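All chains, please: the whole structure from these sequences, using the hints.
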Amino acid sequence: MNRMFRYLATLKIVWLLAFMVFVSLPLIQMTLISFVATLSHPDADVGSLTVRNYSEILIDPKLRAAFGNSIAYVLINICITVPVAIPAAYAFSRMSFLGDKHLFLAFIAFRITPPVVLTLPIFQLFSSLGIVNSVFGIALAHCLFNLPISIWILQGFISAIPKEMDETAFLDGYTHPRFIWQFLLPQIAPGIAVTAFFCFMFSWVEVVFARILTTTNGKPISMAINALFGFQTDIGLVMAVTVASMVPGAVLLFAMRSHLSRGFKIGQV
Amino acid sequence: MKDSNNAGWIFVLPAVLVLGLVGLIPLITVINYSFFEIFILDARFWVGSEWYNEVIGSDRFWASFGRSALFSALILTIQIPLGIAVALCIPRRQFWVGIALAVVALPLLVPWNMIPSLWLSLLNPETGILGRLFPMTGWPPDWKLSVPHTWAVIIAMDVWHWTSLVVILCYSALTTIPASYYQAAAIDGAGPWQVFLFIQLPKLYHVLLMAILLRFMDSFMIYTEAFPINAGGPGGATMFLAVDLGEEIKAFNYGPSAARSVLYFLIVLTVAWTFTKAQGKLDGGQAP
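Just so you know, the protein sequences line up as chains E and Y, in that order. Residue 1 is where the first sequence starts when you use the working numbering, and the numbers rise one by one after that. Residue 1001 is where the second sequence starts when you use the working numbering, and the numbers rise one by one after that.
Do not rely on the hints blindly, as some may be mistaken.
Unchecked claim - Derived DSSO-like pairs: lysine-lysine, alpha-carbon spacing no greater than 27 Å straight-line:
hint	chain 1	residue 1	chain 2	residue 2
1	Y	K1144	E	K163
2	Y	K1281	E	K101
3	Y	K1277	E	K101
What the hints assert, rightly or not - Label-pair distances were calculated between CB atoms; the ranges are:
hint	chain 1	residue 1	chain 2	residue 2	range
4	E	P162	Y	N1005	17 to 25 Å
5	E	L58	Y	P1141	31 to 39 Å
6	E	E167	Y	S1180	24 to 32 Å
Stated by the list, open to error - Selected chain Y positions facing chain E (in silico; Cβ < 7 Å):
hint	residue
7	N1113
8	M1114
9	L1120
10	L1122
11	P1192
12	Y1223
13	I1249
14	N1253
15	A1272
If you're looking for bench data, these hints aren't it; they were derived computationally from the structure. Just so you know, these numbers come straight off a predicted model, no measurement behind them. For glycine and all other residues, C-beta sits at the position ideal for the given N, C-alpha and C.
This is the structure in structure tokens:
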């Protein structure tokens, strides 16, 4: 039996490494191209190794603005999503109220609604509200899928906290909002971090809303990359921008690794 | 047991308002449009269910529906077992966990519109890492003319992109299993397969349900990634439901695209309803 487990352990490592190689292949390809000059420039011939593509990102004001826009709308999105999701997650976790199951069903339905279904009316609605071509519009549109998923994740974290804690606090005369602020938030801090990370992850890379809501201004990174495609595409630059766009996420991912690996429970209503 | 307390509505109200604005109002607008013939938004007239009859009666809709269903089925049969398998292989030691999770999750951070470009450059016969291996493997350089090869590329791309999500979800559920369960299993002399079947798998049910829901719906309505690989070809063999809708919207066919959107939302609602039913059943079965 012991030998069997030892073989299995080796097999697991091989299998995991194989999967990691598969995952890395396109990324290695991307990184390789990003260091090659793919169009001829005065200071670099086609095919030569260069860091020109990366310095171009720092020089080009449009690309710099795109990074600013992406960071801005993701932060705004998190600032809307998390404070709105916490009380809702608390209610779904602790209270049973009229229509709670149906409401949860509606939330899930909105999470899995493909953005392309709602692009047209959202564009019209947002232009009448005057928030197209701004980071605020994208941030709000992305609540459509980030808010339900945040409620879901946070609800799992809150359900893991014993209910006795609420009851003791209420006996001591705490009100609901004060309880959430002083007791619940510190307890679910890792949950808030995981939630914010997932919001970042789904929002940073989304393109359907980002495309229709930024026709002239406020373009995020993905749309700035789209704008680079043309009659003569500098594919090296395209790949360099993509690599750079993944850096913030990779840093966050590494910082979050212990939270992600400690495990979070996704519960039920 | 949860308290019965209708004050819960006060807590969910902000979320309801936000989703009402970005979800419900646009949805009602679409439902409204779907019954009208619209040339410009100020001039419209009532056509009743004409657009619905047109979409449901068209072979094109059902062909796309079939392709999307097949695609989702293939994606789920690959990604869910693969995700579980990889999650089970992630080592227990903290240091390697971080590295493994970080590497595995990297594809989730690539902007969606760049994913087809990455795969096309990977398969480029002259410069791509895999493309240069084509002559050795018998993969045709003109794979874009072949239906099975185009499908294989799109499926490989989606597996690459999204299996990580399944891995993260499964891994997070696996870490909630107390070590004492494994010790008890070892004392009883349980083999790896029994440990998986009776200890690990039951812990995975809830996240697997969520993973299946997300992966089913997102692959059924795949839009951004599928089209650029081969422009829906060859011969429309990779035109999926959402791609059809995207084309209608680009052509400014307000009425028909709205009717399509409503039909798609009905599919979404059916799936969400099935999901909550399945979830309820799972909880019922687990209650002590």
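Here is what the structure says about each hint:
no.: 1; hint: Y/K1144 x E/K163; result: violated, 58 Å
no.: 2; hint: Y/K1281 x E/K101; result: holds, 14 Å
no.: 3; hint: Y/K1277 x E/K101; result: holds, 10 Å
no.: 4; hint: E/P162 x Y/N1005: 17 to 25 Å; result: holds, 18 Å
no.: 5; hint: E/L58 x Y/P1141: 31 to 39 Å; result: holds, 38 Å
no.: 6; hint: E/E167 x Y/S1180: 24 to 32 Å; result: holds, 29 Å
no.: 7; hint: N1113; result: holds, 5 Å
no.: 8; hint: M1114; result: holds, 5 Å
no.: 9; hint: L1120; result: violated, 10 Å
no.: 10; hint: L1122; result: holds, 5 Å
no.: 11; hint: P1192; result: holds, 5 Å
no.: 12; hint: Y1223; result: holds, 5 Å
no.: 13; hint: I1249; result: holds, 6 Å
no.: 14; hint: N1253; result: violated, 10 Å
no.: 15; hint: A1272; result: holds, 4 Å
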